[in-house]
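Could you build all of it, start to finish, from the sequences and the hints given here?
There are 4 protein chains.
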Amino acid sequence: MTKAKVGILGATGYTGSELIRLLVKHPGILLKAITSESHTGKKISDVHPHLAKVCDKKLISLDKIKEHDLDLIFLALPHGKSMEIVDNIFNNGIKNTKTKIIDLSGDFRLSNGAEYSKWYNMPHKCPELIKHAVYGLPEIFRDKIKTSNFVANPGCYPTSAILAIAPILKYDLIEHDNIIIDSKSGISGAGAKIKQTTHFPTVNEDFTAYAIGTHRHTPEIEKILTSIYWTSVRVNFTPHLVPINRGILTTIYCKAKEKIDQRDFNDAFSKTYTKEPFIRIRNSPPSVQSVRGSNLCDVYVKFNPRTNDVITISAIDNLVKGAAGQAVQNMNLMLGLSEIIGINSPPIAP
Amino acid sequence: MTKAKVGILGATGYTGSELIRLLVKHPGILLKAITSESHTGKKISDVHPHLAKVCDKKLISLDKIKEHDLDLIFLALPHGKSMEIVDNIFNNGIKNTKTKIIDLSGDFRLSNGAEYSKWYNMPHKCPELIKHAVYGLPEIFRDKIKTSNFVANPGCYPTSAILAIAPILKYDLIEHDNIIIDSKSGISGAGAKIKQTTHFPTVNEDFTAYAIGTHRHTPEIEKILTSIYWTSVRVNFTPHLVPINRGILTTIYCKAKEKIDQRDFNDAFSKTYTKEPFIRIRNSPPSVQSVRGSNLCDVYVKFNPRTNDVITISAIDNLVKGAAGQAVQNMNLMLGLSEIIGINSPPIAP
Amino acid sequence: MTKAKVGILGATGYTGSELIRLLVKHPGILLKAITSESHTGKKISDVHPHLAKVCDKKLISLDKIKEHDLDLIFLALPHGKSMEIVDNIFNNGIKNTKTKIIDLSGDFRLSNGAEYSKWYNMPHKCPELIKHAVYGLPEIFRDKIKTSNFVANPGCYPTSAILAIAPILKYDLIEHDNIIIDSKSGISGAGAKIKQTTHFPTVNEDFTAYAIGTHRHTPEIEKILTSIYWTSVRVNFTPHLVPINRGILTTIYCKAKEKIDQRDFNDAFSKTYTKEPFIRIRNSPPSVQSVRGSNLCDVYVKFNPRTNDVITISAIDNLVKGAAGQAVQNMNLMLGLSEIIGINSPPIAP
Amino acid sequence: MTKAKVGILGATGYTGSELIRLLVKHPGILLKAITSESHTGKKISDVHPHLAKVCDKKLISLDKIKEHDLDLIFLALPHGKSMEIVDNIFNNGIKNTKTKIIDLSGDFRLSNGAEYSKWYNMPHKCPELIKHAVYGLPEIFRDKIKTSNFVANPGCYPTSAILAIAPILKYDLIEHDNIIIDSKSGISGAGAKIKQTTHFPTVNEDFTAYAIGTHRHTPEIEKILTSIYWTSVRVNFTPHLVPINRGILTTIYCKAKEKIDQRDFNDAFSKTYTKEPFIRIRNSPPSVQSVRGSNLCDVYVKFNPRTNDVITISAIDNLVKGAAGQAVQNMNLMLGLSEIIGINSPPIAP
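One line per chain: the protein sequences are H, V, Y and W, in this order.
Heads up: take any position in the first sequence, counting from 1, add 180, and you land on the working numbering.
Heads up: take any position in the second sequence, counting from 1, add 180, and you land on the working numbering.
Heads up: take any position in the third sequence, counting from 1, add 180, and you land on the working numbering.
Heads up: take any position in the fourth sequence, counting from 1, add 180, and you land on the working numbering.
Hints listed in this document are in silico derivations from the structure and should not be mistaken for laboratory results.
This one's a predicted model, so the numbers in the text were calculated from it and none came from an experiment.
Mixed in with the good hints, there may be bad ones.
As the list claims (entries may be wrong) - Result set (BS3-like, lysine-lysine): computed pairs, CA atoms no more than 27 Å apart in a straight line:
#1 H/K435 to V/K435
#2 V/K278 to V/K261
#3 V/K435 to H/K403
#4 H/K455 to Y/K237
#5 W/K233 to V/K482
#6 H/K205 to Y/K455
#7 H/K373 to W/K373
#8 H/K222 to Y/K482
#9 W/K223 to V/K455
#10 Y/K238 to V/K375
#11 V/K233 to W/K482
#12 V/K222 to W/K482
#13 W/K437 to Y/K435
#14 V/K375 to Y/K375
#15 V/K435 to H/K350
#16 Y/K244 to Y/K183
#17 Y/K437 to W/K437
#18 V/K223 to W/K482
#19 V/K482 to H/K403
#20 V/K223 to W/K451
#21 H/K439 to V/K298
#22 H/K435 to V/K278
#23 V/K375 to Y/K437
#24 V/K435 to H/K437
#25 W/K326 to V/K233
#26 Y/K455 to H/K238
#27 V/K212 to W/K455
#28 Y/K222 to Y/K238
#29 Y/K403 to W/K435
#30 W/K375 to H/K238
#31 W/K455 to V/K223
#32 H/K183 to Y/K205
#33 V/K455 to W/K212
#34 Y/K205 to H/K350
#35 H/K435 to V/K439
#36 Y/K482 to W/K435
#37 H/K455 to Y/K238
#38 W/K298 to Y/K435
This is the structure:
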């Protein structure tokens, strides 16, 4: 069988280099082209020394990508830049292009251009394309992803939040308008580009919250949960920074509906996730170390009869299930490959 | 003026050694005796090498404490052990003893023996003494502390939670029965004694929740908040472990009452805390690094009009404002000294 | 082809669980049995939650191992315990047993029983078997390993030190009696068992040296270097603890012989390592993050003409190239498999 | 007694903010002015939030410093910039100015302008002033510092190295031309300004060496050691980065002269340091956590009779004894105050 030819646009960020880590060992595809505007001409291993001898491919410029006859492109670009590329690729109408696209930015995850402008503080350049993007969360939208040629890969926080809420919302066990999402992320989530908030002495031995009430992943979470529940879901989402490299732990507080108890919550999780290859239902609170380096998402649910709250917790590696790993999972589905191929390495602990 | 003679029972834990760090430089008292059962006869600096040349005092056994005519004793003992000592000291009736006591354990913080047994899984040995203990949170109970000879020093999590909730509860700005407290603590909060959950490779690069719905600080928080609001307050408290040495950040989610906005929340904090020497009201989300090593508590409040939630956040050093520093603050009040003496060193950052 | 049947004795330590991580995805063997005395009957994933769904095999007792007709056994046991097992297995003479052994302890790495007793403070139970063990450093002893049925897997520090010194010693570029080895190891090197020196608050934000002049890896390093140089090599080895989970960086100081310069050192490294699959010669100082999770060893050499010293540096993951990964590399050689199979995953960074 | 008026030029770096932390509580001086060019007009607590309520002084521009009649100025400026200021202040000849200067940069620590140019890659603007600067290491140059009005505050690495070598070099116990200095520093040593090498995910869980054979502190160490030994001392100095905020541990390897043993080394340390207020001679390997936040330097010496090497180790807080604390110690001496005033707070651990 001919292997699909794959490229990565924006290969030098953490998402890009993680895609390379996964794709160079993927037996079902060929990694043909990787791009970088700031490092054009260098080898990827000059930028990311851990990739030496693993992938010493040269970084090319975006405009050279046409020379490669790619079957699938990962866009690991900043938001705003992704929509330019997508607009360009799809300019002859989305039906006619053969190249499949997985966009890892936030450009095609919200409902429409107006919502995008509001949360991302910039106009959307091709709002008419938004509706063509399938939200790439396989546990919920697997069938749509399989037949799509344009997938919006979920944000890291939304992945962790949606997977922990979806089962109990779907089975109507909680109030849909009172959901508190308290997320804690490792610092790689802030990207490879240096800034004051990621300066080692600033972050190390620190813990803090940010973007309170204003984080762009809020409408993404609400959109997807609403699509599950059919009624408008409201969430209060607060992200925090943990001084670790990788991992998101999300703690979610919901109000249980009447006469619901622990068993109902357990059942909802079991029914939803028992056959999922990358979800592990836990009997004790999950931890980010247990999923590090892997595409797994650990979930846990605990009802508190004293307050009638239910707490669900999820743990993912933000760069794998929260970004590159999920993108490969989507690629596998879009290319008709086994869903787990290339992303079934065990977690690394300690 | 004669300086008060002070002793520490249980000096080798983190709370004990932190008390020593603060007391050896305290100009208003004399540290006369420090005890340890497991290290009797050694110097404290043999157990805690950072104290070499700072305090090379010998550790004595508990039963030798009577030989020192102490004016005030800090009990830095495990819960269960504290009540034995208190029972012993107060066996002739609480009015007759001259030695003042500050108990840093959880033994005298709850409402009564029954509640204690339920949350601590052991009977209380002297439940009749519980009502004599004043809860040592000076920002709320300053006057009572000044005249007390028996103070129950608050838990670390309750200190962080109560200080962030009290102003907006007192001014009746939030629903009192729907308070979510999501706390994140550094590992020193787990004590100096080794255990699997504090093994470096287990904890480092990890993040996890624990004691969901069952943590002993829950009833302590509810008791004090109820005493402020006069109506029974219910909280859902979830602690997490952050791989840092010191610091607690607590994120609290409350439902705002009708027609309340950001200004009302700001006013409540200002009116409550403007004159407090150890509270800093912040305009951006606080961080634990900004209070490290100090007795300060940073607080912050943000109203989310989209969801009608209000988020308050506090940051403390769990070993200082969350334990030893607050105990010294209480000591200062009980001995009629300046409240800030010995505990007004600036934070250490980075 | 029939796959070899493999077992791990002592599967719940870090070396054991890392072996499992590697072996469950190894296409050339079958992991048939894993033992633990303290956790017999539990699943390995109950002890190491990151292995849930990856390997939920039950831990059996050592004495049940005979029931499995194993082709190769990894001994991931404490020193002292390993020699008991080896003695037992080989009691009919080393030629007659068919089961191959890879011992990851220090029991069979030194020259003889007397040296062992001196450095390990215990008598050796089967000193006559020491000479049968091949030292499992493939870059130096590949051919011997291929035909051996008993391999002593190198210590983590010796792996890092020997690989960085061997080329320049072999090509006679340095004084052999003045070698300073300053090593820095992540905390997983201290094992999965809790102790005061691995208590998170003790280790975190700390840095310290230990076992100065007395570490057991000293004679191991000297023995192997001596076997390369044919003249007795003396090293001064000092290990340090770095507050990270994984990784050893070793900085080595040697005196250059006369008229030797940077080019000679580079040539020695090139000639020795160009074809090695797991060695990367670096142009800038290596770092442990660049090899994390992989079986790679990064090496670097820099001549200082001002002092006539040469500095070589190596970086490995102590649990992979320093333990489990190297053991699998040895297994591959002993079983006639491709040397890199099962251990060629890229490093994980950040 | 009138308190001396003190200013800090360049107050927003880590050294500057640490000086503020120490000086605001110093009972013998008045902190009158702090400057910053990039943050002029802001409060220092806007730049360093941990200083809120501790020091909310406004940052002024350098050229406003003349308006304050300062008795002593700390220069916490980048090298190159310091010499400009010094040149300016001393332009009427060093004898005529009344303002004392403590320069924390490297501009006046080397022997002469030529050496400076060679190691700092820039010409020196006022090489004739270099000889007027006293090297501010009180344990060695206390008497000169007391009468000086211009002190060059030592580098962090040189402080740690010189204090650990001086005693055994002075008492002629080691070869003076074969000294290996292997230093490990926390990341705050790289400064408050962001760069790729201090990006959290780059540094965290990593360990690496840098500036091998070329670090600017090399000639500084050699100059001071030579001044002690009277014969030209050569050192091989290699710095490493440890993923912690504060602390330098320096491990030093020397060759013992003939017939020297452990007792001789101990005696040298005892004779040199017994009366020193900030030096603690340790019986076990020191650790950086034990000195954190304090002006202490822990030292340790161990003879290895097997190799005839002697190892000395020192631990300091790079921002205190390695920078701001030592500067205050020098200030105390220069102003005729008690040497320990304002810098005798105990270390903070854990």
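Cross-check of the supplied hints:
1. Between H/K435 and V/K435 the alpha-carbon distance is near 13 Å, which keeps this suggested pair within the 27 Å criterion.
2. Annotation: proposed proximity of V/K278 to V/K261 holds, straight-line Cα distance about 21 Å (limit 27 Å).
3. A threshold of 27 Å between alpha carbons decides the hint, and for V/K435 with H/K403 the separation of about 23 Å falls inside it, so the pair holds.
4. Distance check on the hinted pair: H/K455 and Y/K237 sit about 20 Å apart at the alpha-carbon level, within 27 Å; holds.
5. For the hint linking W/K233 to V/K482, the alpha-carbon distance of about 21 Å falls within 27 Å, and the restraint holds.
6. Taken as a hint, the H/K205 and Y/K455 pair is honoured in the structure, with Cα atoms around 21 Å apart against an allowance of 27 Å.
7. Simply put, H/K373 and W/K373 have alpha-carbon atoms about 14 Å apart, close enough for the 27 Å limit, and the pair holds.
8. Using a Cα cut-off of 27 Å, the hinted pair H/K222 and Y/K482 holds, with the two alpha carbons roughly 24 Å apart.
9. Simply put, W/K223 and V/K455 have alpha-carbon atoms about 21 Å apart, close enough for the 27 Å limit, and the pair holds.
10. Among the hinted pairs, Y/K238 with V/K375 is consistent with the structure: their alpha-carbon atoms are about 25 Å apart, no more than 27 Å.
11. In summary, the hint linking V/K233 to W/K482 is supported, as the alpha carbons are separated by about 21 Å, within the 27 Å threshold.
12. With a CA separation close to 24 Å, the supplied pair V/K222 and W/K482 stays within the 27 Å bound.
13. Between the alpha carbons of W/K437 and Y/K435 the distance comes to roughly 18 Å, so the proposed pair stays at or under 27 Å and holds.
14. A distance of roughly 8 Å separates the Cα atoms of V/K375 and Y/K375; the hinted pair therefore holds under the 27 Å criterion.
15. Straight-line distance between C-alpha atoms of V/K435 and H/K350 comes to about 25 Å, which keeps the hinted pair within the 27 Å bound.
16. Under the criterion of a C-alpha separation no larger than 27 Å, the hint pairing Y/K244 with Y/K183 is consistent with the structure, at around 21 Å.
17. Our distance criterion of 27 Å between C-alpha atoms is met by Y/K437 and W/K437, whose separation comes to about 22 Å.
18. Taken as a hint, the V/K223 and W/K482 pair is honoured in the structure, with Cα atoms around 24 Å apart against an allowance of 27 Å.
19. About 24 Å separates the Cα atoms of V/K482 and H/K403, which keeps this hinted pair within 27 Å; it holds.
20. Simply put, V/K223 and W/K451 have alpha-carbon atoms about 24 Å apart, close enough for the 27 Å limit, and the pair holds.
21. Between H/K439 and V/K298 the CA atoms are separated by roughly 25 Å; this keeps the pair inside 27 Å, and the hint holds.
22. Our distance criterion of 27 Å between C-alpha atoms is broken by H/K435 and V/K278, whose separation comes to about 50 Å.
23. With a C-alpha separation of about 51 Å, the suggested pairing of V/K375 with Y/K437 is violated against the 27 Å cut-off.
24. At most 27 Å may separate the alpha-carbon atoms for a hinted pair to count; V/K435 and H/K437 meet this at roughly 18 Å.
25. Restraint check for W/K326 and V/K233: the C-alpha separation of about 25 Å stays at or below 27 Å, so the hint holds.
26. With a C-alpha separation of about 22 Å, the suggested pair Y/K455 and H/K238 falls inside the 27 Å cut-off, and the hint holds.
27. With a CA separation close to 26 Å, the supplied pair V/K212 and W/K455 stays within the 27 Å bound.
28. At most 27 Å may separate the alpha-carbon atoms for a hinted pair to count; Y/K222 and Y/K238 meet this at roughly 6 Å.
29. Among the hinted pairs, Y/K403 with W/K435 is consistent with the structure: their alpha-carbon atoms are about 23 Å apart, no more than 27 Å.
30. This hinted pair checks out: W/K375 and H/K238 have alpha carbons roughly 25 Å apart, not beyond 27 Å.
31. Simply put, W/K455 and V/K223 have alpha-carbon atoms about 21 Å apart, close enough for the 27 Å limit, and the pair holds.
32. The hinted pair formed by H/K183 and Y/K205 meets the criterion: a straight-line CA distance of about 23 Å does not exceed 27 Å.
33. With a C-alpha separation of about 25 Å, the suggested pairing of V/K455 with W/K212 holds against the 27 Å cut-off.
34. Distance hint between Y/K205 and H/K350 is unfulfilled; the C-alpha atoms sit about 35 Å from each other, more than 27 Å.
35. With a CA separation close to 23 Å, the supplied pair H/K435 and V/K439 stays within the 27 Å bound.
36. Between Y/K482 and W/K435 the alpha-carbon distance is near 22 Å, which keeps this suggested pair within the 27 Å criterion.
37. A hinted pair counts as satisfied when its Cα atoms are at most 27 Å apart, and H/K455 with Y/K238 qualifies at roughly 22 Å.
38. The suggested pairing of W/K298 with Y/K435 holds, with an alpha-carbon distance near 25 Å, which does not exceed 27 Å.
In the structure shown, a violation is registered for the earlier hints numbered 22, 23, 34, in ascending order.
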